[in-house]
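Chemist: Chains as they are written, first to last, in my numbering: chain A, 193 to 504; chain B, 193 to 504; chain C, 193 to 504.
Everything labelled a hint here was simulated from the structure, so no lab data went into it.
Just so you know, not all the hints are guaranteed correct.
Identical chains blur together in the list; that is why a pair holds if it fits in one copy or across any two.
Calculated cross-link-like contacts (lysine-lysine; reagent style BS3-like; alpha-carbon spacing at most 27 Å) [to be verified]: (1) K230 to K283; (2) K342 to K283; (3) K283 to K465; (4) K231 to K198; (5) K230 to K198; (6) K198 to K222; (7) K222 to K283; (8) K222 to K343; (9) K230 to K445; (10) K222 to K342; (11) K283 to K445; (12) K343 to K198; (13) K372 to K283; (14) K198 to K342.
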Amino acid sequence: MSWHRKHLLDIESLTAGELTTVLDTAREFKAVGERDIKKVPALQGKTVVNFFVEPSTRTRVSFELSAKRLSADIINFSADASSFQKGESLKDTARTLEALNADIIVIRHKAAGAPHFLARFLNAHVVNAGDGAHEHPTQALLDVFTIREKKGNIAGLNVTILGDILFSRVARSNIWALRKLGANVTLCGPSTLVPRVFEQMGCRVTYDLDEALANADVINLLRIQHERQRKSMFPSIGEYAHLFGLNRTRLAKAKPNALIMHPGPMNRGVEIKSELADCDRAVILEQVTNGIAVRMAVLYLVNGGNADEMNA
Amino acid sequence: MSWHRKHLLDIESLTAGELTTVLDTAREFKAVGERDIKKVPALQGKTVVNFFVEPSTRTRVSFELSAKRLSADIINFSADASSFQKGESLKDTARTLEALNADIIVIRHKAAGAPHFLARFLNAHVVNAGDGAHEHPTQALLDVFTIREKKGNIAGLNVTILGDILFSRVARSNIWALRKLGANVTLCGPSTLVPRVFEQMGCRVTYDLDEALANADVINLLRIQHERQRKSMFPSIGEYAHLFGLNRTRLAKAKPNALIMHPGPMNRGVEIKSELADCDRAVILEQVTNGIAVRMAVLYLVNGGNADEMNA
Amino acid sequence: MSWHRKHLLDIESLTAGELTTVLDTAREFKAVGERDIKKVPALQGKTVVNFFVEPSTRTRVSFELSAKRLSADIINFSADASSFQKGESLKDTARTLEALNADIIVIRHKAAGAPHFLARFLNAHVVNAGDGAHEHPTQALLDVFTIREKKGNIAGLNVTILGDILFSRVARSNIWALRKLGANVTLCGPSTLVPRVFEQMGCRVTYDLDEALANADVINLLRIQHERQRKSMFPSIGEYAHLFGLNRTRLAKAKPNALIMHPGPMNRGVEIKSELADCDRAVILEQVTNGIAVRMAVLYLVNGGNADEMNA
Numbered sequence: 193m194s195w196h197r198k199h200l201l202d203i204e205s206l207t208a209g210e211l212t213t214v215l216d217t218a219r220e221f222k223a224v225g226e227r228d229i230k231k232v233p234a235l236q237g238k239t240v241v242n243f244f245v246e247p248s249t250r251t252r253v254s255f256e257l258s259a260k261r262l263s264a265d266i267i268n269f270s271a272d273a274s275s276f277q278k279g280e281s282l283k284d285t286a287r288t289l290e291a292l293n294a295d296i297i298v299i300r301h302k303a304a305g306a307p308h309f310l311a312r313f314l315n316a317h318v319v320n321a322g323d324g325a326h327e328h329p330t331q332a333l334l335d336v337f338t339i340r341e342k343k344g345n346i347a348g349l350n351v352t353i354l355g356d357i358l359f360s361r362v363a364r365s366n367i368w369a370l371r372k373l374g375a376n377v378t379l380c381g382p383s384t385l386v387p388r389v390f391e392q393m394g395c396r397v398t399y400d401l402d403e404a405l406a407n408a409d410v411i412n413l414l415r416i417q418h419e420r421q422r423k424s425m426f427p428s429i430g431e432y433a434h435l436f437g438l439n440r441t442r443l444a445k446a447k448p449n450a451l452i453m454h455p456g457p458m459n460r461g462v463e464i465k466s467e468l469a470d471c472d473r474a475v476i477l478e479q480v481t482n483g484i485a486v487r488m489a490v491l492y493l494v495n496g497g498n499a500d501e502m503n504a
Numbered sequence: 193m194s195w196h197r198k199h200l201l202d203i204e205s206l207t208a209g210e211l212t213t214v215l216d217t218a219r220e221f222k223a224v225g226e227r228d229i230k231k232v233p234a235l236q237g238k239t240v241v242n243f244f245v246e247p248s249t250r251t252r253v254s255f256e257l258s259a260k261r262l263s264a265d266i267i268n269f270s271a272d273a274s275s276f277q278k279g280e281s282l283k284d285t286a287r288t289l290e291a292l293n294a295d296i297i298v299i300r301h302k303a304a305g306a307p308h309f310l311a312r313f314l315n316a317h318v319v320n321a322g323d324g325a326h327e328h329p330t331q332a333l334l335d336v337f338t339i340r341e342k343k344g345n346i347a348g349l350n351v352t353i354l355g356d357i358l359f360s361r362v363a364r365s366n367i368w369a370l371r372k373l374g375a376n377v378t379l380c381g382p383s384t385l386v387p388r389v390f391e392q393m394g395c396r397v398t399y400d401l402d403e404a405l406a407n408a409d410v411i412n413l414l415r416i417q418h419e420r421q422r423k424s425m426f427p428s429i430g431e432y433a434h435l436f437g438l439n440r441t442r443l444a445k446a447k448p449n450a451l452i453m454h455p456g457p458m459n460r461g462v463e464i465k466s467e468l469a470d471c472d473r474a475v476i477l478e479q480v481t482n483g484i485a486v487r488m489a490v491l492y493l494v495n496g497g498n499a500d501e502m503n504a
Numbered sequence: 193m194s195w196h197r198k199h200l201l202d203i204e205s206l207t208a209g210e211l212t213t214v215l216d217t218a219r220e221f222k223a224v225g226e227r228d229i230k231k232v233p234a235l236q237g238k239t240v241v242n243f244f245v246e247p248s249t250r251t252r253v254s255f256e257l258s259a260k261r262l263s264a265d266i267i268n269f270s271a272d273a274s275s276f277q278k279g280e281s282l283k284d285t286a287r288t289l290e291a292l293n294a295d296i297i298v299i300r301h302k303a304a305g306a307p308h309f310l311a312r313f314l315n316a317h318v319v320n321a322g323d324g325a326h327e328h329p330t331q332a333l334l335d336v337f338t339i340r341e342k343k344g345n346i347a348g349l350n351v352t353i354l355g356d357i358l359f360s361r362v363a364r365s366n367i368w369a370l371r372k373l374g375a376n377v378t379l380c381g382p383s384t385l386v387p388r389v390f391e392q393m394g395c396r397v398t399y400d401l402d403e404a405l406a407n408a409d410v411i412n413l414l415r416i417q418h419e420r421q422r423k424s425m426f427p428s429i430g431e432y433a434h435l436f437g438l439n440r441t442r443l444a445k446a447k448p449n450a451l452i453m454h455p456g457p458m459n460r461g462v463e464i465k466s467e468l469a470d471c472d473r474a475v476i477l478e479q480v481t482n483g484i485a486v487r488m489a490v491l492y493l494v495n496g497g498n499a500d501e502m503n504a
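Given only the sequences and the hints, what does the whole structure look like? Please build it.
Modeler: Okay, here's the thing in structure tokens:
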């Protein structure tokens with residue numbers, strides 16, 4: 193159990209051992225959220241900056257609560273309010289945040305690679321909270337954390353990811369994490385949104401929904417990312433729901449105890465029938481809860497916390 | 193002195209005893225705001241979410257400070273920034289907030305009944321910070337707290353509420369609280385804004401301002417709620433000021449030591465002559481100060497704080 | 193070493209001794225930012241309100257972090273979200289903030305004199321975070337703090353301020369501070385932006401850039417304030433860069449170890465060649481870091497902290 197990285201930029205470059213270290217550390221921190229007093233002093237006196245150049249209330253709030261539970265000070269710095277309007281570069285803004293003694297900068301940015309760019313010249317720790325259509329590592333970590341908690345292990349599981357894979361950083365990070373930990377990953381969706389090139393990441397790609405769901409241990413439904421599609425990739429929302437929306441009949445193809453996952457926010461009636469979102473196989477809200485534990489673990493580890501000595 | 197409710201949704205369903213418990217608890221907390229170190233550890237490690245789907249800086253800031261003085265962590269989650277833009281339902285957003293381990297959700301919403309709706313399926317405590325034209329319970333509590341502090345008691349007092357009663361959640365909550373605690377309530381304003389149906393709540397309704405102010409112990413001036421009026425209910429702002437604005441001549445009809453109250457923000461020169469807003473009978477700023485003590489009491493009590501054992 | 197002021201409204205009214213007290217106090221606080229746990233309990237239980245009626249993310253964040261490092265509670269209250277939209281006056285809003293038990297109100301406002309106006313009727317401490325084109329005292333304090341740290345002393349130094357002096361509160365506050373502490377101040381820029389009236393503040397005014405830079409110990413480059421110029425005062429940005437932008441040739445006129453300063457955000461390629469912004473003579477990021485120490489000192493001192501007894 194070890195962690196020696198200064199940043200969390202992506203899942204692609206992590207080893208299975210590093211992934212496991214994050215998950216094990218998060219398991220310890222999850223217990224903190226269930227206590228009466230949900231705080232540990234691990235990052236007391238440290239400053240975390242939520243540097244969100246693309247809006248995301250959920251992810252921002254999750255990082256904010258994670259930092260507060262670690263007793264850090266946290267500052268929200270969003271792009272609309274920032275100096276970008278005055279023409280300052282991303283680099284200068286990030287260096288300014290660092291000059292404010294930020295220990296950790298959590299960045300959400302619409303450009304793929306923005307966190308890696310910052311990490312090259314900052315002394316502060318950088319955590320990627322989603323960069324364009326590239327990666328969203330903490331989302332993948334909370335997803336595999338939730339799967340492991342429910343299924344005991346990741347290796348050998350059949351995980352089906354359904355929907356808009358092409359534009360999804362969530363899919364990309366999940367595929368890396370699941371493959372590294374030994375899961376079998378199947379991708380399915382409209383052919384325009386699930387290109388065969390993903391087979392090179394070790395995934396099975398199919399456009400036959402029944403085949404995709406057969407024997408699945410986990411079904412991860414992605415949100416249709418209207419905002420990232422430059423042109424319409426499928427006829428209509430109604431047709432997507434008809435062809436790929438999860439309903440009882442389709443769910444019956446999966447294993448009887450298959451988990452239903454969704455990174456949120458859900459389009460009820462599109463990706464998933466509303467009744468299924470609330471059924472006992474859906475772990476969608478547990479994913480949210482686990483997001484805090486996972487982000488606490490990430491903030492703790494990049495800051496130099498020792499996974500072996502953590503006594504949350 | 194007792195409190196057994198999980199939520200604070202309205203004043204209508206509270207007993208006089210419960211109202212008194214909140215007021216007595218708030219009196220203890222008021223002393224905290226006068227100390228050099230304005231903090232108690234009562235909610236340390238708890239998470240409060242300010243879930244404001246309708247903007248209100250004053251009420252949000254008051255809850256934010258109240259939570260901080262109780263040593264809670266507080267997260268602001270406003271609608272503009274939220275997932276509503278992405279089509280998520282109120283229910284799913286609220287459940288997501290709860291899944292983030294929120295202990296208390298403070299909700300402001302333009303739809304009457306939104307807090308009651310959330311309370312039906314959330315495990316978190318729900319506090320109504322204003323729902324449409326329905327209720328604004330903490331405003332009423334801080335108003336009666338202020339009256340009791342100044343007058344010693346509520347029972348038997350003559351309280352006149354002046355202005356836009358029809359669209360006012362402040363009026364509605366005040367009427368419930370004052371009637372339950374034994375005050376005589378008179379409502380006055382343009383007939384289009386003060387319907388006779390309020391007589392069923394035990395109030396006197398009059399359109400004669402002199403009659404309304406005669407023998408008043410308290411005059412509570414409501415803000416003209418432009419934003420809640422779907423059509424013009426009176427000729428003009430100038431005419432409202434002329435017919436119903438409080439001035440020295442009109443004030444002379446009330447008892448010599450009558451209190452002047454206003455929930456803010458004031459329209460000086462409309463509801464009230466500017467000089468009266470600053471006179472020694474106006475307790476408008478004390479209402480603001482008392483709002484913190486009352487909201488501390490509410491957050492403390494719904495979270496299970498024992499009113500008898502509180503040692504602020 | 194002493195401080196007896198309740199507010200920090202401007203630099204103009206401070207004595208050299210008071211300026212030195214702030215700088216000495218800030219030096220103590222700077223050490224806090226270099227510790228592992230960057231917090232002192234000096235303002236524990238105190239409430240600071242960031243009352244920003246004109247947006248400024250950098251200054252707001254700097255005050256926010258300063259207050260947090262002093263263990264104060266801090267509330268952000270910005271104009272867009274405030275009651276101003278509802279027609280409330282600045283005075284009533286400020287009094288409401290005070291009624292919320294605010295101990296210190298940090299105000300940024302587009303109107304010159306707004307902080308002085310508030311200070312006349314508030315009991316809370318008022319700190320000017322920039323008022324129109326009038327003063328920006330904490331910016332000047334962090335600038336002279338940075339100069340003193342690098343040069344050992346202010347008296348006798350040649351400081352050249354370059355650019356848009358007319359509309360710059362940063363220039364105005366810097367001139368007061370530098371003159372009081374004994375520096376020689378030279379102002380240079382387009383004649384439309386550097387009126388001769390500044391000679392009355394004890395400055396040398398020149399429109400010859402070589403002359404302005406000759407023998408300079410410090411070059412302070414101001415941002416071109418597009419937003420404060422009601423009409424174009426110079427032909428174009430490109431022409432400004434050509435005539436007044438700092439480049440290697442021009443820098444060579446100054447002393448070999450001259451400091452390059454900029455209050456940020458920079459227009460790289462306009463006020464300064466990009467390479468110079470990153471050279472070892474530029475102290476632009478150190479200014480940002482020092483801003484926190486200086487603001488901690490200001491919050492501490494106005495609140496009654498004893499400069500002699502401070503034990504950060």
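Chemist: It remains to establish, for every hint, whether it holds in the given structure.
Modeler: Hints, one by one, checked against the model:
Taking the shortest Cα distances, K230 and K283 sit within 27 Å of each other only across copies (25 Å), while inside one copy they are farther apart (35 Å). In this assembly of identical chains, the alpha carbons of K342 and K283 lie at most 27 Å apart only when taken from different copies (25 Å versus 41 Å within one copy). Proximity of K283 to K465 under the C-alpha cut-off of 27 Å is restricted to the inter-copy arrangement: shortest distance 15 Å between copies versus 44 Å within a copy. Taking the closest pair of Cα atoms, K231 and K198 come within 27 Å of each other both inside a single copy (24 Å) and across two copies (23 Å).
When the C-alpha separation of K230 and K198 is checked against a cutoff of 27 Å, the pair qualifies both within a copy, at 26 Å, and between copies, at 20 Å. Taking identical chains as interchangeable, the C-alpha atoms of K198 and K222 lie at most 27 Å apart whether they share a chain (23 Å) or sit on different chains (25 Å). Taking the closest pair of Cα atoms, K222 and K283 come within 27 Å of each other only across two copies (24 Å); inside a single copy the shortest separation is 35 Å, beyond that limit. Within a single copy, K222 and K343 get their C-alpha atoms as close as 17 Å, which meets the 27 Å cut-off; across copies the closest is 50 Å, which misses it.
Taking identical chains as interchangeable, the C-alpha atoms of K230 and K445 are never at most 27 Å apart, the minima being 40 Å within one chain and 56 Å between chains. Taking the shortest Cα distances, K222 and K342 sit within 27 Å of each other inside one copy (14 Å), while across copies they are farther apart (47 Å). Taking the shortest Cα distances, K283 and K445 never come within 27 Å of each other, neither inside one copy (50 Å) nor across copies (29 Å). Within a single copy, K343 and K198 get their C-alpha atoms no closer than 30 Å, and across copies no closer than 35 Å, so neither meets the 27 Å cut-off.
Taking the shortest Cα distances, K372 and K283 never come within 27 Å of each other, neither inside one copy (32 Å) nor across copies (36 Å). For a Cα distance limit of 27 Å, the shortest separation of K198 from K342 qualifies neither inside one copy, at 30 Å, nor across copies, at 31 Å.
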